[in-house]
Amino acid sequence: MKSNTLILHTAALFIVPLQLMFSVFLLLRGHDEPGGGFIGGLVAASAFVIHAFSFGSEATLKVMRIWPGDFLAAGLLLALASTLPAIVAGQPILTAHWWQIPLPGGDYFKMSSVLIFDVGVYLTVLGTISIFVIGLMEAED
Amino acid sequence: MLLAVLSGFLLAVLTPAIHRVVGHTVGWVLAILPASLAVYFASLIPLISDGGAVVKEFAWLPGLGVTLGFLVDGLSLVFALLISVIGTFILIFAGAYLRGHPYLGRFFVIMLSFMASMLGLVLSDNLLTLFMFWELTSITSYLLIGFDHEDSNARKCALQGLFVTTAGSLALMAGLILLAVMTGTYSLSGILASSDPLHEHAFYLGAVICVLAGAFTKSAQVPFHFWLPNAMAAPTPVSAYLHSATMVKAGIYLMARLNPALGESMLWSTLLVLFGSVTMVVGAWFAFSSSGIKKVLAYSTVMTLGTLTMLIGVGTELALTAFVCVLVAHSLYKGALFMIAGILDHETGTKDLRRMGGLGKTMPLTALFACLAALSLAGMPPLFGFIAKELMLEALLKASFWSLGLTVAAVVASMLVVGVAGLVAVRPFFSAFLETPKKPHEAPPGMLAGPAFLSVVALVFGLAPYLPETAVLQAAMTSVAGTPVDSYLALWHGVNAPLVLSGLTLVTGITLYRLWPTLQPNLSAVNTAAARIGPEAIYFRFMEGITHIAGWQTRVLQNGVLGHYLLVLVAVTFGLAGFTLVARHEVHLALDLSGSRFYEWGIAALLVAAAVFSSITRSRLGSVASLGVLGFSVALIFILFSAPDLGITQLLVETLTVVLLVLVLFKLPEFVKLSSPLERFRDLAVAIVAGTVMTLLILAGLEVQYFESISAYYSENSAPLAQGRNIVNVILVDFRALDTLGEIFVLALAAIGIHSMLKLKAEDQYKP
Amino acid sequence: MESLMAYVVGILFAAAIYMMLRRSIVKLVIGLILLSNSANLLIFVMAGMTRGAPPLIPDGAQAPLGAVADPLPQALILTAIVIAFGVLAFSVVLIRRAYEIVKTDDLDQMKDTDT
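Note that the protein sequences, when read in sequence, are chains A, B and C.
Its first residue numbered 1, the first sequence is counted upward by one per residue in full-length UniProt numbering.
Its first residue numbered 1, the second sequence is counted upward by one per residue in full-length UniProt numbering.
Its first residue numbered 1, the third sequence is counted upward by one per residue in full-length UniProt numbering.
Treat the hints as calculated values from the structure; they're not laboratory data.
Quantities reported herein were computed from a predicted structural model and do not represent experimental measurements.
Note that beta-carbon positions come from the ideal geometry of N, C-alpha and C, so glycine has one too.
Please note that the accuracy of each hint is not assured.
List of simulated lysine-lysine pairs, PhoX-like, C-alpha gap at most 25 Å [said to hold, decoys possible]: (1) Lys439(B) / Lys351(B); (2) Lys295(B) / Lys103(C); (3) Lys361(B) / Lys156(B); (4) Lys103(C) / Lys673(B); (5) Lys103(C) / Lys667(B); (6) Lys398(B) / Lys295(B).
Pair ranges (Cβ atoms, derived) [to be verified]: (7) Ala67(C) / Trp601(B): 18 to 26 Å; (8) Ala67(C) / Tyr108(A): 29 to 37 Å; (9) Leu562(B) / Ala73(A): 31 to 39 Å; (10) Leu77(A) / Phe542(B): 50 to 58 Å; (11) Leu562(B) / Glu140(A): 22 to 30 Å; (12) Asp107(A) / Tyr706(B): 19 to 27 Å; (13) Tyr706(B) / Glu140(A): 19 to 27 Å; (14) Ala73(A) / Phe9(B): 37 to 45 Å.
Sample of chain A residues with no beta-carbon within 12 Å of chain B, all distances over it, derived [to be verified]: (15) Arg29; (16) Val121; (17) Val125.
Could you build the full structure based on these sequences and the hints that come with them?
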């Protein structure tokens, strides 16, 4: 299934990368403002869905480079990995850990196990929905 | 102690490997375990022979307060010794009896597990572990009885034994819990040590009835006796073990064990004496009128079980002395006789007593041990069985109630049993020679070892009764009675009433034996007629009834129509919830429109319209489109009422849902009307009731708050503790991160499921 | 507003259950979607509805200023929305497969296929 409208093609070329960047933005600001892993993952997945609708699922898989199932696996592994700091420290699992990482220019980046967990959620949602939609589209062809 | 109980299970695990290595001698190798256990238990004799007890505890489930406690006193030691000693010879016997059987390894696995469960049962101090081992014996004996699993009769009999005993054990569990509630402890030693009388307790009646229901079913008391003779479908070593010293004695053990706590009441004595004496007479009757050697022995076991129950019920010091002696004597001779029955069956190829005869010449040793064991069964000097029988008669003569009736019953039973002893020991060996299906030979040493040892022990105990008496029997009597017992066992008490009665039973018994060939066909015809209304017939009718009810309820409730399931579920749930709401909370439908803004009215109207339209439209596209409208309206509500995260998520998900539906639903056929107007009306009525209940629920819930909300904690600690300012996100990824972790795994599962459904082509496998 | 929404949710539930009781499998799916939406709304309404006060903490503050909406039901609903989507996708694909194999969308006829 793929669309042949010029408008959608052209729009998709611009929208998809913008939407992907926006999804990462939503993910990173999620702890303080509306956003987070679920929403970010959904936005990113929607980007690929738009791409698939305009160029076909095969092209989307090529653009993604990584098979959606691997996103899913990576997401689950990251989420599990975020439990490790607490286990190493002997605390109940998923107790949050925070590290201040200095950035050039005197600023600090708030790195945390919570962020790793949220990235895991992001990747899992992205992988799951890509599998749903791209899988179905492949089946239709 | 822990090792002693668990070693059987451990060895059971290793048995298949051992079997592969040592081959046919596996019986001898495995017998080393019960033999060494017997030595270990024997080494405990000095500790408890003066009436002491050993209690050992191991923490097992400390969180639930369940300990693996073991109690060794006279009673449990007697049982443990019988189990391990007889077990040793049974394993050797089984190795020879089942030589070359393809499932010999499997047999020993179950046999050892059963032995270990039985040991655990008699040594447990904790009521819960006792119950657990009790159930384990039921399960393992089920597997043993049905060992010959290709025979449908064996399967049926095994299942019958399992049903009867587990039905009883369900009651037993209730009884044990009641007992624990009454005494405040699950420890047997604690219950026995507590001095306050349980008779006046409100739960006493219930506890006694429940415990006895368990004990009576397990120990095959009338009217639950029928499973025991049927259990003879098992291979003979199993029968020899289960029905001499173990399985069926479990119920007896329990009654004896709890006698000090629950006994000494009119209720307890009456029930035990009544059921016991009836079982005794019925068992003796059936034993004498059967013709298969194993059936004869099985019914004589029923008779002994009745005797034991009755003796506990009589409860005098003398009766309890008799109880312990009968128990030991029976285990010895019945173990031996069953093994001899196994030898006869193995060597001649038939179990029918009417077809055996004159085997004494070819099997002299078997005949010798059979005679010894049978003399003990018949209660003749100088065997231990004589002492036991004399004691029993004396105890009944001196019983505090129903003395005459009980004595008469016991004498009648004893006469029949003398006849039975003749049937199993005299008839096959010393009557005129009969041609048997197989050419008989003397049994191999592995099969003779058991009968030889057990019958010789019965002889030694008879000649020197003070040996077992001072070692364990007196201690055992003390634990059954609850107070120290002084006994004096002797072979010769002079000419007294029991001796005269013994003589009477002997003479009558021999006469009965001579008449057996003419009597038996008539008696068995009577039994067949009686069986039609007997307890076994009731059991079968009951089982048929259950199947019937199950079939009926499956047809009505589990009919495979999804709509029907849903209808029943929804109607019941909402009906009950609605009834409770209306009846207990007095909620009424009230509409409070103050504080609503006009655009919110608009959204509400849009929601309702979309929901209704999607339900009534005949076009799939219209339905999907109105679902989209509904989803976006919900998103709007989330955004308007302070839930930005929800709004965004809902919008995105709604979009994807429409994509999904478009991709799939249009591959499916158009809507058609499948149900009749009446069905639709019924469903609509149910749906409206459900919707109304939900409205009522919300209206009621808005006014009630049972607990303080935990939301305040999240709001206050989000920034200081979790360094996040979006509280919703902080809850998701920090406070309740474990829930979210679970959720993403569910998502992953859905993805894997979808992927496999799309990629696997089921058609390839199910091509017609 | 909660009072009004209670009726809306009730109607949504009624529509959902009515659709789930249909014999057509597609209508069952539509009922499922309606049901998840009404359940989400139910939780949202019962927690109380607050206008214009999202549960966010302003930059630099340690606690939300003034009364804000209850964050807990929102977190519950957020997971519920995503899970419901996963379940929906799964059931839709399942139905598609079932239809391909048994060639009917009538639930009453589907029950006979496993014999």
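Hint by hint, here is what the structure shows:
| no. | hint | result |
| --- | --- | --- |
| 1 | Lys439(B) / Lys351(B) | 14 Å, holds |
| 2 | Lys295(B) / Lys103(C) | 60 Å, violated |
| 3 | Lys361(B) / Lys156(B) | 38 Å, violated |
| 4 | Lys103(C) / Lys673(B) | 17 Å, holds |
| 5 | Lys103(C) / Lys667(B) | 11 Å, holds |
| 6 | Lys398(B) / Lys295(B) | 33 Å, violated |
| 7 | Ala67(C) / Trp601(B): 18 to 26 Å | 24 Å, holds |
| 8 | Ala67(C) / Tyr108(A): 29 to 37 Å | 33 Å, holds |
| 9 | Leu562(B) / Ala73(A): 31 to 39 Å | 34 Å, holds |
| 10 | Leu77(A) / Phe542(B): 50 to 58 Å | 57 Å, holds |
| 11 | Leu562(B) / Glu140(A): 22 to 30 Å | 27 Å, holds |
| 12 | Asp107(A) / Tyr706(B): 19 to 27 Å | 48 Å, violated |
| 13 | Tyr706(B) / Glu140(A): 19 to 27 Å | 51 Å, violated |
| 14 | Ala73(A) / Phe9(B): 37 to 45 Å | 41 Å, holds |
| 15 | Arg29 | 8 Å, violated |
| 16 | Val121 | 6 Å, violated |
| 17 | Val125 | 7 Å, violated |
Checked against the numbered hints given earlier, this structure breaks hints 2, 3, 6, 12, 13, 15, 16 and 17; the rest are met.
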